[in-house]
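Use the sequences and the hints to build the structure in full.
If you read the sequences in order, they're chains A and D. Numbering-wise (numbering that gives the first Met the number 0), the first sequence opens with residue 0 and increments by one. Numbering-wise (numbering that gives the first Met the number 0), the second sequence opens with residue 0 and increments by one.
Worth flagging that the hints you see were computed from the coordinates, not collected in a lab. Do not take every clue at face value.
Below, a list of computed lysine-lysine pairs in the BS3-like style, where the Cα atoms sit at most 30 Å apart [stated by the list, open to error]:
1. A:Lys-521 / D:Lys-535
2. A:Lys-95 / A:Lys-16
3. A:Lys-192 / A:Lys-95
4. A:Lys-371 / A:Lys-417
5. A:Lys-16 / D:Lys-227
6. A:Lys-212 / D:Lys-486
7. D:Lys-454 / A:Lys-111
8. A:Lys-331 / D:Lys-461
9. A:Lys-555 / D:Lys-461
10. A:Lys-9 / D:Lys-220
11. D:Lys-8 / A:Lys-240
12. D:Lys-220 / D:Lys-182
13. D:Lys-220 / A:Lys-16
14. A:Lys-185 / A:Lys-5
15. D:Lys-227 / A:Lys-104
16. A:Lys-546 / D:Lys-509
17. A:Lys-361 / D:Lys-461
18. A:Lys-417 / D:Lys-220
19. A:Lys-212 / D:Lys-509
20. A:Lys-555 / D:Lys-467
21. A:Lys-13 / A:Lys-180
22. D:Lys-454 / A:Lys-555
23. A:Lys-360 / D:Lys-461
24. A:Lys-95 / D:Lys-288
25. A:Lys-546 / D:Lys-531
26. A:Lys-471 / D:Lys-182
27. A:Lys-212 / D:Lys-454
28. A:Lys-192 / D:Lys-95
29. D:Lys-467 / A:Lys-360
30. A:Lys-212 / D:Lys-430
31. D:Lys-220 / A:Lys-111
32. D:Lys-543 / A:Lys-458
33. A:Lys-226 / D:Lys-95
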Amino acid sequence: MAKTQKSVLKRVLKQLKGYKFWLILTVFFALVTVAGNLILPVLFGQIVDLIVGKNNVEFKAIYFKFIIIGAVIAITCIAQWLMSIINNHITYNVVKDIRAEAFAKIQRLPLKYIDAHSYGDIVSRNIADVDQFADGLLMGFTQLFTGVLTIIGTLVIMFVINWVIALVVFVITPLSLFVAKFIASKTYSMFKKTSQIRGEQTAFIDEMIGNLKVVKAFNREDENIEKFDEINSRLTSASLKSIFFSSLTNPCTRFVNAVVYAAVALSGALMLIGTFSVPAVSFTTGLLVSLLSYANQYTKPFNEISGVITELQNAVACAGRIYELIDEQPQKPDAENAKQLSDVEGNIEFENVYFSYTADKKLIENLNIKAKAGQRIAIVGPTGCGKTTLINLLMRFYDTTGGSIFVDGNNIMDVTRKSLRKNYGMVLQDTWLKSGTIRDNITIGKPDASEEEIIEAAKAARSHNFIMQLPKGYDTEIAEDGGNLSQGQKQLLCITRIMLCLPPMLILDEATSSIDTRTEVKIQEAFAKLMSGRTSFIVAHRLSTIKEADIILVMKEGNIVEQGTHTELLSLGGFYSKLYNSQFAV
Amino acid sequence: MRKLLKYLKAYKLQSVLAPLFKLLEASFELIVPLVVAAIIDNGIDGGAGTGYIVKACLILVLLGIIGLVCAVSAQYFAAKAAVGFSKGLRHDLFSKMQSLSYSQIDGLGTSKMITRMTSDVNQIQSGVNLVLRLFMRSPFIVFGAMIMAFVINAVAGGVFAIAIAVLCVVVFGIMLASIPLYKKVQGRLDRITTSTRETLTGARVLRAFCKEDEEIAEYGKRNGELTKAQLFVGKISALMNPLTYAIINCAIIVLLSVGALKVNSGTLDRGSVVALYNYMGQILIELIKLANLIITVTKSFACAGRVNEILEMQPAIKHGCLIGESVKSPFISFKNVCVNYGNASVNALDGVSFDVERGQTVGIIGGTGAGKTTLVNLIPHFYDAADGEILIEGENVNAVGDEVLRDKCGIVPQRAVLFEGTIRENMQWGKNDATDEEISEAVEAAQAADVIKAKENGLDEKVEQGGKNFSGGQRQRLTIARALVKKPEILILDDSASALDYATDAALRKSLKNLDYSPTVFIVSQRTSSIKHADKIIVLDGGKMIGVGTHEELLKSCEVYREIHYSQYEKEGA
Numbered sequence: 000m001a002k003t004q005k006s007v008l009k010r011v012l013k014q015l016k017g018y019k020f021w022l023i024l025t026v027f028f029a030l031v032t033v034a035g036n037l038i039l040p041v042l043f044g045q046i047v048d049l050i051v052g053k054n055n056v057e058f059k060a061i062y063f064k065f066i067i068i069g070a071v072i073a074i075t076c077i078a079q080w081l082m083s084i085i086n087n088h089i090t091y092n093v094v095k096d097i098r099a100e101a102f103a104k105i106q107r108l109p110l111k112y113i114d115a116h117s118y119g120d121i122v123s124r125n126i127a128d129v130d131q132f133a134d135g136l137l138m139g140f141t142q143l144f145t146g147v148l149t150i151i152g153t154l155v156i157m158f159v160i161n162w163v164i165a166l167v168v169f170v171i172t173p174l175s176l177f178v179a180k181f182i183a184s185k186t187y188s189m190f191k192k193t194s195q196i197r198g199e200q201t202a203f204i205d206e207m208i209g210n211l212k213v214v215k216a217f218n219r220e221d222e223n224i225e226k227f228d229e230i231n232s233r234l235t236s237a238s239l240k241s242i243f244f245s246s247l248t249n250p251c252t253r254f255v256n257a258v259v260y261a262a263v264a265l266s267g268a269l270m271l272i273g274t275f276s277v278p279a280v281s282f283t284t285g286l287l288v289s290l291l292s293y294a295n296q297y298t299k300p301f302n303e304i305s306g307v308i309t310e311l312q313n314a315v316a317c318a319g320r321i322y323e324l325i326d327e328q329p330q331k332p333d334a335e336n337a338k339q340l341s342d343v344e345g346n347i348e349f350e351n352v353y354f355s356y357t358a359d360k361k362l363i364e365n366l367n368i369k370a371k372a373g374q375r376i377a378i379v380g381p382t383g384c385g386k387t388t389l390i391n392l393l394m395r396f397y398d399t400t401g402g403s404i405f406v407d408g409n410n411i412m413d414v415t416r417k418s419l420r421k422n423y424g425m426v427l428q429d430t431w432l433k434s435g436t437i438r439d440n441i442t443i444g445k446p447d448a449s450e451e452e453i454i455e456a457a458k459a460a461r462s463h464n465f466i467m468q469l470p471k472g473y474d475t476e477i478a479e480d481g482g483n484l485s486q487g488q489k490q491l492l493c494i495t496r497i498m499l500c501l502p503p504m505l506i507l508d509e510a511t512s513s514i515d516t517r518t519e520v521k522i523q524e525a526f527a528k529l530m531s532g533r534t535s536f537i538v539a540h541r542l543s544t545i546k547e548a549d550i551i552l553v554m555k556e557g558n559i560v561e562q563g564t565h566t567e568l569l570s571l572g573g574f575y576s577k578l579y580n581s582q583f584a585v
Numbered sequence: 000m001r002k003l004l005k006y007l008k009a010y011k012l013q014s015v016l017a018p019l020f021k022l023l024e025a026s027f028e029l030i031v032p033l034v035v036a037a038i039i040d041n042g043i044d045g046g047a048g049t050g051y052i053v054k055a056c057l058i059l060v061l062l063g064i065i066g067l068v069c070a071v072s073a074q075y076f077a078a079k080a081a082v083g084f085s086k087g088l089r090h091d092l093f094s095k096m097q098s099l100s101y102s103q104i105d106g107l108g109t110s111k112m113i114t115r116m117t118s119d120v121n122q123i124q125s126g127v128n129l130v131l132r133l134f135m136r137s138p139f140i141v142f143g144a145m146i147m148a149f150v151i152n153a154v155a156g157g158v159f160a161i162a163i164a165v166l167c168v169v170v171f172g173i174m175l176a177s178i179p180l181y182k183k184v185q186g187r188l189d190r191i192t193t194s195t196r197e198t199l200t201g202a203r204v205l206r207a208f209c210k211e212d213e214e215i216a217e218y219g220k221r222n223g224e225l226t227k228a229q230l231f232v233g234k235i236s237a238l239m240n241p242l243t244y245a246i247i248n249c250a251i252i253v254l255l256s257v258g259a260l261k262v263n264s265g266t267l268d269r270g271s272v273v274a275l276y277n278y279m280g281q282i283l284i285e286l287i288k289l290a291n292l293i294i295t296v297t298k299s300f301a302c303a304g305r306v307n308e309i310l311e312m313q314p315a316i317k318h319g320c321l322i323g324e325s326v327k328s329p330f331i332s333f334k335n336v337c338v339n340y341g342n343a344s345v346n347a348l349d350g351v352s353f354d355v356e357r358g359q360t361v362g363i364i365g366g367t368g369a370g371k372t373t374l375v376n377l378i379p380h381f382y383d384a385a386d387g388e389i390l391i392e393g394e395n396v397n398a399v400g401d402e403v404l405r406d407k408c409g410i411v412p413q414r415a416v417l418f419e420g421t422i423r424e425n426m427q428w429g430k431n432d433a434t435d436e437e438i439s440e441a442v443e444a445a446q447a448a449d450v451i452k453a454k455e456n457g458l459d460e461k462v463e464q465g466g467k468n469f470s471g472g473q474r475q476r477l478t479i480a481r482a483l484v485k486k487p488e489i490l491i492l493d494d495s496a497s498a499l500d501y502a503t504d505a506a507l508r509k510s511l512k513n514l515d516y517s518p519t520v521f522i523v524s525q526r527t528s529s530i531k532h533a534d535k536i537i538v539l540d541g542g543k544m545i546g547v548g549t550h551e552e553l554l555k556s557c558e559v560y561r562e563i564h565y566s567q568y569e570k571e572g573a
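Below is the structure:
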């Protein structure tokens, strides 16, 4: 077994530790089931021995045996059922644990990871891979224990009945284990590859189905299908390989079984007719019948175990991908003595801040900003100049590579992320709504808000009217990513969220870009009220919003090239004035 | 499931051969008890001697070898057919999804489509594979054993028949009961997928509101519901194994007591009783395998139902046939158009009528939710008008093929999305064989030249999924360039300059005006500055058209337009 495979397997076993009690229970029921399965052939064999020939049948003894058999059947059935239920219980709970762990991990991953990985692949790990893992695990439980126990039990009984024949069986069977192991070691990498391509395909589906509207607008359906088919073909050939090779195990072990069966028949029959005999071993036709049936029972689990092994290969390969996600480096945890940021006034300071997304491409260098409590800081500049990056740093979505940022004199690295973010209200241009009701979306920052508060906030954000026009008002369910709402309406809802929780500092990144200006003017009144006494960072292209800012930071290529008030900057006649005057051109 | 069977058609040969080889294998297996009976009756009881027994045992090994060959072939064909099946299914599903209308996409949601495409199809694939491998084999062994039993003794055969009938009832009963339950499980899986996707797409917002723990708690709840559903259906399907076990063993009891009577009266020999017992034993082994299989198959049935739901969705868009003559003028004409999004209490568009000549620029302005996007989405026939008609060159858009129609249009959607690949690949969305010159021409016109210049690899720069490695404004300009590459007859800009600064916006408008192929341009905007030079401006309010005309006309005649304009210019001191 490959090394990685082993370590993954170890992880799985560790995951099972919490279910010790259930594991013991399932082994117990497996024992009962196996015992029942093993006793029945003995009893039936005894009955066959009681049926000798014409007028030579001992009915009384036979009927007595039937009663015993009936009891054994009943007990075995119940044990079997309970075993299955327990196995389900363990498997699905383990899977639940793993999913929860993976999901919790996603919450702790740095945004850098999320930004750099395709969502589809992560989703595929948490859904498809975990599912496959569950299938394998369940099969393992249902068949591994009973399988191993059956093998041991049968061997013991066979030795008791006739040690010579048992020995014959014992010598031949390791062959099937060898075959199974050989095949399993070959298929692991195939399964892993299949799983990988599946992730790739999910990513493609996610991208294209998620943006289906653009796809349709460009008539790209055919090209997409082409690309899809290419991935699909690769997936198909990889699956074919892994499925076929893994399914070889069963026929191979079954062949070994046929050999075992023939060997038992041969040696048994020869002993009965006296071709050779072993002293001190009494043997009857009935016993041979039992032995043959044991030989079948004995080899069957080999079949199953080999099947389980291939299934487990797949499961382990999938588990490996989930653990990969779970083991991803999480964001740096809050410092141990991190403070709770509270009673924020809103003095924000950037001190010699350096930052870049990739080490080889500088972006922000030696940035210094001082914002006093209650000031309005506008950030302007051509697209791609680093405005969004500034927000990433303020909110600690990304950490600076050099220098520090202070809020009220506290280095933001020394306060908890939560308390830092709680003190900011953020509205981004890229609106995001979760599936759920309008109400759920508005109260995201203040879940215990009263109906009056919600309506008041919605009125301030000018979203109340359109919400009331929706079929169920505030209780209207909206689909993933906003469904039928217009871009502007989505933005109004995002603003309503902020209006409701009123944090002491604000970040507005093109917060009103999709809202019509008449509505915007009305919202601005509310914003103005909101911003008074609150430090606010505003990214906007509408210079009307910017004009009233206390400081305007003009950014270009990651640096601040000009800084000052609107009038100061205009009289400077530099980059800003060029930008400002351009809107009246054409 | 039946409807999905057509995907096996291309693999007819394989799907016939796989079970066939399995049947062969099974038939050889059925001979085994006969050989054993012969060994006992002739070899042991009849005294045929060592040679006979050795020969018989060699036959057993030979049967094993034949079985091996058959089984391997069967596995290969089954895998081939199953994998091919799901390939075809995935292909069709994907193209079906692509053919859905905008309103259907809105209703379904991305996550649901993804689980159907991945998890559900996977389940169906394992189902098909197993069915081909075992579903024929198991009934064959079961019924084969019964026939053999009839050959040996009619009464014993009767016992088999009754046992099998009871088994069928149990097996199908459990199956029928659990299919809807498995459907429920997959439905809950949908919700888990949604949670996972949302936590990724909304990572910034969720973290800004410190929702991590709530997200985990909510996911935990949904996860728990999934587990509960899985456990419940598990309890029912777990009955399959013990029940079949009990039925078979009870049948053996009956068989042996019947056999005992017959042997006693001399109508049956002992070897036959052993053979009958062996056949019953084989049925048991087969059924235990079958029980595991049936769980998988049941799951596949549930998943097949879900996949079918999508495959059976009718594209909601209407397609009429061509009537009316094509006319040169007006180029585009809206006649009393109304739109309603399914369940909304108000029409999204209400009685909109206007004409546009070729080469004109049309500005569309109005409040949030006024219907601006809806209006432009009607031109490429993304939605159907509930009432009225939209004519392009005199032809109803319902009648013109969507592909032809959309080929005429260059569309820049509100949300600027780029796709994974290179910039060049993204630009070629508009025109597959666009040369670098055509691309740079479009890029130039879209004011995106500096975006590409700033990138090390120029057009070959990698674009990450969704264009995450570009800023909002960069993405917006690139999406404009993408629409211009194909030199569309109709250019639709749906508020697509919102992230651009005024200077770039102004330069963009200027360059659009100077395009040598002079497209008909629709500009949706919030800013009057973006549209004031348009030949025609349409003012929308609550889905109604409340003004149409030039900037100057509207300033005089349209109250709302005036308000919009002055809300932007009063303060900015025009």
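The hints, checked one at a time:
1. A:Lys-521 / D:Lys-535: 27 Å, holds
2. A:Lys-95 / A:Lys-16: 15 Å, holds
3. A:Lys-192 / A:Lys-95: With a Cα-Cα distance of about 25 Å, the restraint between A:Lys-192 and A:Lys-95 holds, given a limit of 30 Å.
4. A:Lys-371 / A:Lys-417: The hint holds at about 22 Å.
5. A:Lys-16 / D:Lys-227: With a Cα-Cα distance of about 21 Å, the restraint between A:Lys-16 and D:Lys-227 holds, given a limit of 30 Å.
6. A:Lys-212 / D:Lys-486: Status holds; Cα separation ~20 Å.
7. D:Lys-454 / A:Lys-111: 20 Å, holds
8. A:Lys-331 / D:Lys-461: 29 Å, holds
9. A:Lys-555 / D:Lys-461: 23 Å, holds
10. A:Lys-9 / D:Lys-220: 28 Å, holds
11. D:Lys-8 / A:Lys-240: 21 Å, holds
12. D:Lys-220 / D:Lys-182: Holds: D:Lys-220 and D:Lys-182 sit about 19 Å apart, inside 30 Å.
13. D:Lys-220 / A:Lys-16: 23 Å, holds
14. A:Lys-185 / A:Lys-5: 15 Å, holds
15. D:Lys-227 / A:Lys-104: 23 Å, holds
16. A:Lys-546 / D:Lys-509: Cα-Cα ~26 Å, so holds.
17. A:Lys-361 / D:Lys-461: 18 Å, holds
18. A:Lys-417 / D:Lys-220: 23 Å, holds
19. A:Lys-212 / D:Lys-509: 28 Å, holds
20. A:Lys-555 / D:Lys-467: Cα-Cα ~20 Å, so holds.
21. A:Lys-13 / A:Lys-180: Holds, at roughly 23 Å.
22. D:Lys-454 / A:Lys-555: 16 Å, holds
23. A:Lys-360 / D:Lys-461: Cα-Cα ~15 Å, so holds.
24. A:Lys-95 / D:Lys-288: The given pair, whose Cα atoms are some 27 Å apart, holds under the 30 Å limit.
25. A:Lys-546 / D:Lys-531: 23 Å, holds
26. A:Lys-471 / D:Lys-182: Distance of about 28 Å is within 30 Å: holds.
27. A:Lys-212 / D:Lys-454: Since the Cα atoms of A:Lys-212 and D:Lys-454 sit roughly 28 Å apart, the hinted pair holds (cutoff 30 Å).
28. A:Lys-192 / D:Lys-95: 27 Å, holds
29. D:Lys-467 / A:Lys-360: Cα-Cα ~16 Å, so holds.
30. A:Lys-212 / D:Lys-430: 17 Å, holds
31. D:Lys-220 / A:Lys-111: The hint holds at about 28 Å.
32. D:Lys-543 / A:Lys-458: Holds - the C-alpha atoms of A:Lys-458 and D:Lys-543 are around 23 Å apart, at most 30 Å.
33. A:Lys-226 / D:Lys-95: 15 Å, holds
In the structure shown, no violation is registered for any of the earlier numbered hints.
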